[in-house]
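Undergrad: This is what each chain is made of:
Number of protein chains: 2
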Amino acid sequence: MPTAGIAATEGEDGHGKLIRAGFLRQAQSGIFQMLPLGLRVQQKVERLLDKRMQSIGASRLSLSTFSTEELWQKSNRLHKVAPELFRLQDRKNTRLLLSPTHEEEMTALVASTVHSYKDLPVRLYQTTRKYRDEMRPRHGLLRSREFVMNDLYTFDLCQEAAIDTYHHISAVYSAFFADLKLPVLVAEANAGHMGGNYSHEFHLSHSVGSDVVAVCRVCGHAVAYEGAAAAAQQQGDEGQDGQAKGQDGQAKGQDDQAKGQDDQAKCRQCKTGSLRLERGLELAHTFYLGTRYSEPLDLCVPVASGPDSPIHMGCYGIGVSRLIGAVAELKADHRGLHWPRLMAPFEVAMVPSSPQVPPEMLSLYDALAAQGLDVVLDDRDKRFGWKMRDADLAGYPVVVVLGQAWRDDSMCEVQCSSLGINQTVASQALPAFVGKVISSL
Amino acid sequence: MPTAGIAATEGEDGHGKLIRAGFLRQAQSGIFQMLPLGLRVQQKVERLLDKRMQSIGASRLSLSTFSTEELWQKSNRLHKVAPELFRLQDRKNTRLLLSPTHEEEMTALVASTVHSYKDLPVRLYQTTRKYRDEMRPRHGLLRSREFVMNDLYTFDLCQEAAIDTYHHISAVYSAFFADLKLPVLVAEANAGHMGGNYSHEFHLSHSVGSDVVAVCRVCGHAVAYEGAAAAAQQQGDEGQDGQAKGQDGQAKGQDDQAKGQDDQAKCRQCKTGSLRLERGLELAHTFYLGTRYSEPLDLCVPVASGPDSPIHMGCYGIGVSRLIGAVAELKADHRGLHWPRLMAPFEVAMVPSSPQVPPEMLSLYDALAAQGLDVVLDDRDKRFGWKMRDADLAGYPVVVVLGQAWRDDSMCEVQCSSLGINQTVASQALPAFVGKVISSL
Chain A
1 MPTAGIAATE GEDGHGKLIR AGFLRQAQSG IFQMLPLGLR VQQKVERLLD KRMQSIGASR
61 LSLSTFSTEE LWQKSNRLHK VAPELFRLQD RKNTRLLLSP THEEEMTALV ASTVHSYKDL
121 PVRLYQTTRK YRDEMRPRHG LLRSREFVMN DLYTFDLCQE AAIDTYHHIS AVYSAFFADL
181 KLPVLVAEAN AGHMGGNYSH EFHLSHSVGS DVVAVCRVCG HAVAYEGAAA AAQQQGDEGQ
241 DGQAKGQDGQ AKGQDDQAKG QDDQAKCRQC KTGSLRLERG LELAHTFYLG TRYSEPLDLC
301 VPVASGPDSP IHMGCYGIGV SRLIGAVAEL KADHRGLHWP RLMAPFEVAM VPSSPQVPPE
361 MLSLYDALAA QGLDVVLDDR DKRFGWKMRD ADLAGYPVVV VLGQAWRDDS MCEVQCSSLG
421 INQTVASQAL PAFVGKVISS L
Chain B
1 MPTAGIAATE GEDGHGKLIR AGFLRQAQSG IFQMLPLGLR VQQKVERLLD KRMQSIGASR
61 LSLSTFSTEE LWQKSNRLHK VAPELFRLQD RKNTRLLLSP THEEEMTALV ASTVHSYKDL
121 PVRLYQTTRK YRDEMRPRHG LLRSREFVMN DLYTFDLCQE AAIDTYHHIS AVYSAFFADL
181 KLPVLVAEAN AGHMGGNYSH EFHLSHSVGS DVVAVCRVCG HAVAYEGAAA AAQQQGDEGQ
241 DGQAKGQDGQ AKGQDDQAKG QDDQAKCRQC KTGSLRLERG LELAHTFYLG TRYSEPLDLC
301 VPVASGPDSP IHMGCYGIGV SRLIGAVAEL KADHRGLHWP RLMAPFEVAM VPSSPQVPPE
361 MLSLYDALAA QGLDVVLDDR DKRFGWKMRD ADLAGYPVVV VLGQAWRDDS MCEVQCSSLG
421 INQTVASQAL PAFVGKVISS L
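From first to last, the protein sequence lines stand for chains A and B.
Numbering-wise, full-length UniProt numbering puts 309 at position 309 of the first sequence, and it's gapless, one number per residue.
Numbering-wise, full-length UniProt numbering puts 22 at position 22 of the second sequence, and it's gapless, one number per residue.
Quick caveat, the hints were computed from the structure, so don't treat them as lab data.
Only a predicted model underlies this, so the values are computations on that prediction, with no experimental measurement involved.
Just so it is clear, CB atoms sit at the ideal spot from N, CA and C, and this is done for glycine as well.
One or more hints might be untrue.
To be verified - Derived, one-sided and incomplete: chain B residues facing chain A with beta-carbon distance under 7 Å:
(1) 31
(2) 34
(3) 36
(4) 60
(5) 64
(6) 85
(7) 86
(8) 179
(9) 308
To be verified - With a straight-line Cα cutoff of 30 Å, these simulated DSS-like cross-link-like pairs (lysine-lysine) come out:
(10) 118(B) x 80(A)
(11) 436(B) x 51(A)
(12) 382(B) x 382(A)
(13) 51(A) x 331(A)
(14) 80(B) x 92(A)
(15) 382(B) x 51(A)
(16) 92(B) x 51(A)
(17) 74(A) x 92(B)
(18) 382(A) x 80(B)
(19) 382(B) x 118(A)
(20) 92(A) x 74(B)
(21) 436(B) x 92(A)
(22) 51(A) x 382(A)
(23) 436(A) x 51(B)
(24) 436(B) x 331(B)
Can you make the complete structure from the sequences, with help from the hints?
TA: Here you go:
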């Protein structure tokens, strides 16, 4: 897929670079087509999440895009989220909706299959598209109307076990963001429409964020700023699944207002520290739901004494497409994007300075691939300068330049902007050298 | 995810076994939730297709679920497929539809990015959900309203190159079905609503199929039986993307009628052979589209002389969820499902006869996994007989039984029903032995 051009636009943001570099295209307001480069990033995030989910014994499934109004009425949530639902009727006039999140369907599914406490705990997740008819889609993947979420649902017999699960999964979420070397603030949050007892938000500290987080200057304890959340809730614009809460303009106002109020406020946790306010971009959200959904949807198991006991649930979401947009914003500079190694569409780009790709160059490619490196060879019929600027724009962690020195003496130039490396290496030493650079990223 | 039960139902079909074995659940008529076992099968098919698509230089992308009525009006297809579209309006009253297929969106996307003959050929594919509001969803995944398709679109400068591409991809499709060891009939077909000049259908010969294929007794040339297709078309029930054409009851009638008519008919190809009629289940469809979409949607490139030239397109679809349903039907017997090795949710199931899983058993599991085998250890708290019947029901190609002989003398029993193997092997020899069995499947 050809990129859209090499000339940078004045004041172009990360989203603009994603478009220009050919990661995605906008089809309609807030609706995007994921092009091959963008899909590679998305699949890398998915696989990384698969590993983390496997480590907690969660099984992956894939629920339908559709849910029914009937089910959302049972959980008493239909009217709360109605303005943002995409709704439709099928040819038999069943009232369907495109799921913005899957608590209802997941609870109903597990209720139809789990009948004994012996089957617990159960941990199920998926990585699928979700839908939200935003009033004002903006910032590309940061607030889109169709988005990709990794959502995990946990089912435990009692509250104590469910809280243990909650802490365990929160730690796994932090580990996932650490894999990507992203500085994430974990903030206490209001459970909002999800119901349930407590909840945390995982924020990337960034000026484009529409949330405000209050961080204690002494103990570091972070709290999602409730003034902003409450105001957003009033407007029916409350996030329920890791999408943005509040509106940007509004959040900015809150920001100033909050500064005035909270400069004097003390930390709830240590009771001594004053609070620093940061703009946050929400990437993930965790909720201990308790029996908020299991009771109305009749997800219970028999226990030794008394009536059947409702199962204690948790739900956990990471915004996959939003994460891609957020990393693009956070790491873009004047030259282009910069991907963490584990999210990069390719780890290594080989850029020949002439249009010919002789067999020795293919052997070199094979040698890098045989090292387990995810490498791409830019054999497009374009000028060398264009290709180099395109590689900078796309943000590959390592670029191997095969120029005159390669043709004359089999010497390659290895560039890694994030480590400040620009070194000439003999081609036989290249695989080992690049492997070492990549593994230190 | 617990299975639904071990007791077989009288006359249960493949779909019934998929439900009972816990591969999927029906959410609503024609709408299914893919459970972990089913999703594993789907992902294996996806990865196999990724390899085949890579071999023809096709890049994977992921278009939105949404398309617009406006675009389908431009291609003049909206009214033809209208009865089967899921339609909706967003909050700004844009008229959207859930795409049943992606020719329009793909053509519009490529028109926005390809501006020179130098960028051609382009080959793009995706594996995504598609939607079709069937009048009568039935046979589970064989005719569902939400389904998974692998769809490939090709863009060539001229007809000759596009026809070459067509033949190349047809061969790749045949190779894909050969990977799965599925006997597939490739039949000449009518291009129908897709427009374009010619087309082939890939059928699995099976009594549950709703199509009829006429096969020459002499040269083997196969033709989709047009009486059935024409009658189905009249009813507005024409398939455009690998979903079933015609209605089953009707196809049966056609069958008898066709037998009368075609017993005398001669093969179009060799002009001598008489025709044998077979019931077919359509798994894939290929179309040479020519300029059917590139002209109305203005996908053209400048050429040396004269006006811009419209690009010649092809489109190709494999019904991924339908394939899963079809293989379940084709291969189920009284004991359960039988997956081709490359589609099996796991290649090897280890079934211990006692509930304990000692460390030596985990080491054995690790040794099998280290061989590159996709293995599962059934450590559920269930009786041995239940687990064995569950393994039969789920259709794992190889089952390793760890019973008394294993506890006493480290001997394992290896079962492979499709090769008729039931052999006792020392545990240290197990990985090599199972590897050999699996590689001959």
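Undergrad: Each hint needs a verdict: does it hold in this structure or not?
TA: Structure-based check of each hint:
At a threshold of 7 Å, the smallest CB-CB gap from residue 31(B) to chain A is about 5 Å, leaving the interface hint in force. With 7 Å as the threshold, the beta carbon of residue 34(B) comes within range of chain A, its nearest partner Cβ sitting at about 4 Å, so the hint holds. With a least beta-carbon distance of about 4 Å to chain A, the hint placing residue 36(B) at the interface is held under the 7 Å criterion. Checking residue 60(B) against chain A by beta carbon gives a least distance of about 6 Å; that is within 7 Å, so the hint holds.
Taking 7 Å as the C-beta contact cut-off toward chain A, the hint placing residue 64(B) at the interface holds, the least distance being around 5 Å. Contact between residue 85(B) and chain A, as hinted, is not supported at the beta carbon level, the nearest pair being about 10 Å apart and thus beyond 7 Å. The closest approach between the C-beta of residue 86(B) and any C-beta of chain A is roughly 6 Å, which is under the 7 Å cut-off, so the hint is satisfied. With 7 Å as the threshold, the beta carbon of residue 179(B) stays out of range of chain A, its nearest partner Cβ sitting at about 22 Å, so the hint is violated.
Among the interface hints, the one on residue 308(B) is violated; its C-beta lies about 17 Å from the nearest C-beta in chain A, farther than the 7 Å criterion. The hinted pair formed by residue 118(B) and residue 80(A) fails the criterion: a straight-line CA distance of about 53 Å is larger than 30 Å. Between residue 436(B) and residue 51(A) the CA atoms are separated by roughly 28 Å; this keeps the pair inside 30 Å, and the hint holds. Between residue 382(B) and residue 382(A) the alpha-carbon distance is near 63 Å, which puts this suggested pair outside the 30 Å criterion.
For a cut-off of 30 Å, the pair hint linking residue 51(A) to residue 331(A) stands: about 25 Å separates their Cα positions. Only pairs whose Cα atoms come within 30 Å are accepted, and residue 80(B) paired with residue 92(A) is accepted, the gap being roughly 20 Å. In summary, the hint linking residue 382(B) to residue 51(A) is supported, as the alpha carbons are separated by about 27 Å, within the 30 Å threshold. Taking the CA atoms of residue 92(B) and residue 51(A), the gap is near 40 Å; set against the 30 Å cutoff, the hint is violated.
The suggested pairing of residue 74(A) with residue 92(B) holds, with an alpha-carbon distance near 28 Å, which does not exceed 30 Å. Note on residue 382(A) and residue 80(B): the hinted pairing is violated, with a Cα-Cα distance of about 43 Å set against a maximum of 30 Å. Note on residue 382(B) and residue 118(A): the hinted pairing holds, with a Cα-Cα distance of about 10 Å set against a maximum of 30 Å. With a C-alpha separation of about 28 Å, the suggested pairing of residue 92(A) with residue 74(B) holds against the 30 Å cut-off.
Note on residue 436(B) and residue 92(A): the hinted pairing is violated, with a Cα-Cα distance of about 52 Å set against a maximum of 30 Å. Taking the CA atoms of residue 51(A) and residue 382(A), the gap is near 38 Å; set against the 30 Å cutoff, the hint is violated. The suggested pairing of residue 436(A) with residue 51(B) holds, with an alpha-carbon distance near 28 Å, which does not exceed 30 Å. A hinted pair counts as satisfied when its Cα atoms are at most 30 Å apart, and residue 436(B) with residue 331(B) qualifies at roughly 23 Å.
When held up to the earlier numbered hints, the structure conflicts with 6, 8, 9, 10, 12, 16, 18, 21 and 22 and fits the remainder.
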